[in-house]
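Please work from the sequences and hints to get the whole structure.
So the sequences go chain by chain: A, B and C.
Those letters in the first sequence? Residues 1 to 320, per our numbering, in order.
Those letters in the second sequence? Residues 1 to 324, per our numbering, in order.
Those letters in the third sequence? Residues 1 to 325, per our numbering, in order.
Quick caveat, the hints were computed from the structure, so don't treat them as lab data.
There's no promise every hint is true.
Computed list of lysine to aspartate or glutamate pairs in EDC-like fashion (alpha-carbon distance at most 20 Å, straight line) [stated by the list, open to error]: (1) B:LYS20 x B:ASP293; (2) A:LYS220 x A:GLU316; (3) C:LYS165 x B:ASP190; (4) A:LYS122 x B:ASP318; (5) A:LYS196 x A:ASP162; (6) C:LYS133 x A:ASP21; (7) C:LYS81 x C:GLU295; (8) C:LYS165 x C:ASP79; (9) A:LYS23 x C:GLU325; (10) C:LYS189 x B:GLU152; (11) B:LYS180 x A:ASP282; (12) A:LYS248 x A:ASP279; (13) C:LYS133 x A:GLU49.
These numbers come from a predicted model, not from an experiment.
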Amino acid sequence: MKQTVYLMAINEALEEEIKRDEKVFIIGENVQQGTFGVTSGLVQKFGTERVMDTPLAETAVAGAAIGAAMAGFRPVADMMFADFIYIAGDEIMLKAAKWHFMHGGKVNVPVVIMAAMGGGMKIGAEHSMCPEALIMHTPGLKLAVPSTPYDAKGLLKTAIRDNNPVIFFYNKGLLGLPGEIPEEEYLIPFGQADIKREGSDVTVVAISRMVHMALEVAEKLKDKVSVEVVDPRTLEPLDIDTIVESVKKTGRVVIVDEDNRRCGVTAEISAQIFETAFDYLDAPVQRVAAADMPIAAGFLEDYVLPQPKDIEDAIERVMA
Amino acid sequence: MKLEKDQLVKFYSLMVRTRKLDNLMIEALNSGRMAGFYHAGPGEEAVGIGACTFNMRDDDYLYPHHRSHAIGFTLARGISPKGWVCRHFDKNPGEVEGPTAEERGIFGISGTIGGGFPLSLGWGITAKKNGKNQAVLSFFGDGASGRGTLHESMNMAAIWKLPIVWICENNQFGQFMPIKDAFAREDIADIAAGYNMPSAVVDGQDVLAVHEAVEVAVQKARAGDGPSLIECKTYRMRGHAEGVPDVDHVDPRSEKDKEAWRKRDPIVLFKENLIKQRILTAEEVSKIDKEADDEVAELDKYQQECPVMVPSDASILDVFLYAE
Amino acid sequence: MKLEKDDLILLYRNMVRTRKLDELTIKGLQEGKVLSFYHSGQGSEGLAVGSAACLRKDDYLWGHHRGHGIGYLIGKGLDGKAFLAEHYGKVTGSCLGISGFHFAEPEYGALGAAGTIGSQFPISLGWGLAAKKTGKQQVVLACFGDGGSNRGTLHEAFNLAAVWKLPIVWLCDNNGMAQYTPIKDTYPKDDIADLAGGYNMPGVVVDGMDIMAVYEAVEAAVDRARAGGGPSLIEAKTARYRSHSEGSPDVSHTVTRSEAEIAELKKRDPIETFKIKLLKQGVLTEEMVDQINKEADEEIIETEKFSLDSPPPEPSILNKLIYAE
Ligand SMILES: Cc1ncc(C[n+]2csc(CCOP(=O)(O)OP(=O)(O)O)c2C)c(N)n1
Ligand SMILES: Cc1ncc(C[n+]2csc(CCOP(=O)(O)OP(=O)(O)O)c2C)c(N)n1
Ligand SMILES: [Mg+2]
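Right, dumping it as structure tokens:
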């Protein structure tokens, strides 16, 4: 194993895949320099054909990547902020998601659309979203939301090799997160949740940056409550089995996510738990998610986005 | 229309105040007493100030450019800079005297670049429907010119002959991307021909040239002759945002280019001109500079005395979610 | 390339086949056999067949949605069987009968068709990027209508194709109408080709009802693209004989387009005018024309039978289609 940080793990995944497969290239605004560092340093190694800077034109960036994917390439488009995928809604939600299906399986769209999601930088409503539910809601798109350097690298490599469009949301709040990854190559299959901490009293399903918040709370409460933290790692496909297994063991569950609460990821996972594990629940499912309002910039961001205290309170509620 | 002496002096003072407020933010961010981002715009003051100060009525609409977080536009529209300063320090400015931004036709800046085009189109429709000869000034950067929203909006403004003046603040870069690698032509203004729209390329370092070009376009707009496009050539003197690498793709930006543009600093050029034409003396100039320094120091002090926005102020958020 | 006698006859034959397939599809819709919409392509056969004739089989093609793009595919060598079966919702259709009318024929470079007008711009941009990266001198023929030209995606894709010098021929089927809206009310100039100047790209206007004019303009643009000269824009002035889609009112805004107006459009009919020209040149004789029509009629009968005899798809296919293996 070797030590790295989250953004470098992503960078390594890209580097290895560009080397491995001549069909892989990166395209996006400022990807040569890298706005968040995840693509930095690659143009020096692979040249401008493999790491393409584009004009500020999100529909064309996504569209070009998706079009090239149909025509035999494996592009990775970086949309910079996850909020900007709305600009390429037609390309991502209608073309990439549907064309394999709609065209009777004749067309594959092996594209990766990646973008930085999440709050913490306090830069406001149009630069802080976690639009996970939007993607998870759209059949045909896969969605990876890694919380650690290890997961980020393994999932991104899988994403690039997948023959379907994959949305890969890396988290702005985790870019510098340290962690270990193997020296040798590895992949992480989609649809396998990871138990980030074992426990017996309550299951906390947490996503991306929220995994770390949940772990922090679990540590804090360890003398009172034994918390199990489950990280789905991919939201489509979703490993509901592992979540349900955990719930059967603990009988209590809190779901934590940074996207909005209403019709959000927490709502979907909660519904699936109620559908499949109702008899095992000792308390109603509790959800912790972003308030149903745009994300305020500045200090008030904390008011909108989930905080450790919210998780603590939710655990207290299910334990009561 | 020939500008009076006091108008020329106003141009100078607005540009100096803008520069000094810009410097305040750069200093505050670099010294760590302010958090967040700042997109400085020294050297680009003449564009917004030249365009807006004397060409706009109070009831006109404005979509400002985001450089210097639009402080030049704010001042040119006669809006107190107190709110602007406080916002950057996450302070609650309390009641501020003078018109609000909304009262001067500024409804905000889109977090998504290129979002200003269709919104301005909507204000253009409004202005036309109102029938009061209002105009819309809509700014965008060279980077924004890549967005498809430009095409949809410019086309519709042209077919409906809307009173919109599209103004491109072409500072040659969009983040790390040089416009030469992002746009198929040398002049963004060339796009106008496709919409039958008059266009002009002007020296964005020359506040009077900007004023005059925009004056013509605004007159056309008010007279019902439709939209125009004006491209102001300027240069981004600093990095895209404070603290981010100042690169052209990945290489450091050319010092030679920067030096050449520094020699064409709009404030210095205008000052020399004013002195040469004996409109102002060197002493009068110093006095204006000094007043701007004092104003900025005072604003900084004001800000420091204002209460911090804290999550307990969050109750205001629920009120913001929906209009009554 | 100078067209030989056989090439000219093939162009004529393909236009006739396209028209007859169009008529058959309309009939199918009226009889309830075509399950979705149909946007007749009558009036634009010359554009479709003439432009596609300039392509290699491995070139990419985004045909215009008039006639649901079949004229372009016929021009490229396909027949109408899978097309009609797709419209009938049969499993032998291009896309197992589930695309409605937005089908793909990847073997012919048609990687898909979209429900959203204007999406051709960024997606064909991607095909152009792939063609350039692949380095086999493929080109992309990317069609759009006058209505499509209003989409912002045009600007992004035109600009990038020009900046990157991609091998794309942007072909505008300007039939003067976008559903119920005339182009004169949605674009401030006479010629959409004028947009090209803003992107440093050649822009030409051709008579889209004249298949030879279309062929020559597209051929020049294709040659230029293959040689690495970058994109071009060709605007073809065509006509839409029928309403926007079968069964919808044929209006301009709210005013019905008059019969006289349509008759005027039909005077420039691409098939008739080309026939007269070829007869005059002695390339065709009346007997040959009859023979071509007869063969096309026979093909139509066969095509219809093929579609009728085919079964619909099983619901069980759907789950397997959401993701590729
Ligand atoms: C839709 C969208 N894409 C990208 C960004 C990130 N971004 C913010 S400013 C900027 C550069 C804009 O360049 P330009 O329009 O030339 O204005 P300048 O900053 O040079 O004044 C970029 C890429 C954004 N905010 N919105
Ligand atoms: C994005 C989008 N907007 C609107 C429509 C509905 N629509 C389908 S075809 C069409 C007219 C398009 O006109 P044009 O591009 O001129 O092509 P034409 O049908 O005249 O050949 C419209 C409005 C659509 N399918 N997609
Ligand atoms: Mg710029």
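Hint check:
Under the criterion of a C-alpha separation no larger than 20 Å, the hint pairing LYS20 (chain B) with ASP293 (chain B) is consistent with the structure, at around 7 Å. A distance of roughly 13 Å separates the Cα atoms of LYS220 (chain A) and GLU316 (chain A); the hinted pair therefore holds under the 20 Å criterion. Proposed proximity of LYS165 (chain C) and ASP190 (chain B) is supported: the alpha carbons are some 19 Å apart, at most 20 Å. Taken as a hint, the LYS122 (chain A) and ASP318 (chain B) pair is honoured in the structure, with Cα atoms around 18 Å apart against an allowance of 20 Å.
The suggested pairing of LYS196 (chain A) with ASP162 (chain A) is violated, with an alpha-carbon distance near 25 Å, which exceeds 20 Å. Taking the CA atoms of LYS133 (chain C) and ASP21 (chain A), the gap is about 14 Å. The hint holds against a cut of 20 Å. For the given pair, LYS81 (chain C) sits about 15 Å from GLU295 (chain C) by alpha-carbon distance, which is consistent with the 20 Å threshold. Note on LYS165 (chain C) and ASP79 (chain C): the hinted pairing is violated, with a Cα-Cα distance of about 33 Å set against a maximum of 20 Å.
A distance of roughly 18 Å separates the Cα atoms of LYS23 (chain A) and GLU325 (chain C); the hinted pair therefore holds under the 20 Å criterion. At most 20 Å may separate the alpha-carbon atoms for a hinted pair to count; LYS189 (chain C) and GLU152 (chain B) meet this at roughly 15 Å. About 64 Å separates the Cα atoms of LYS180 (chain B) and ASP282 (chain A), which puts this hinted pair outside 20 Å; it is violated. Distance restraint check for LYS248 (chain A) and ASP279 (chain A): the Cα-Cα separation of roughly 9 Å lies within the 20 Å cut-off, and the hinted pair is therefore satisfied.
With a CA separation close to 8 Å, the supplied pair LYS133 (chain C) and GLU49 (chain A) stays within the 20 Å bound.
Consistency with the previously given hints fails for numbers 5, 8, 11, ordered from lowest to highest.
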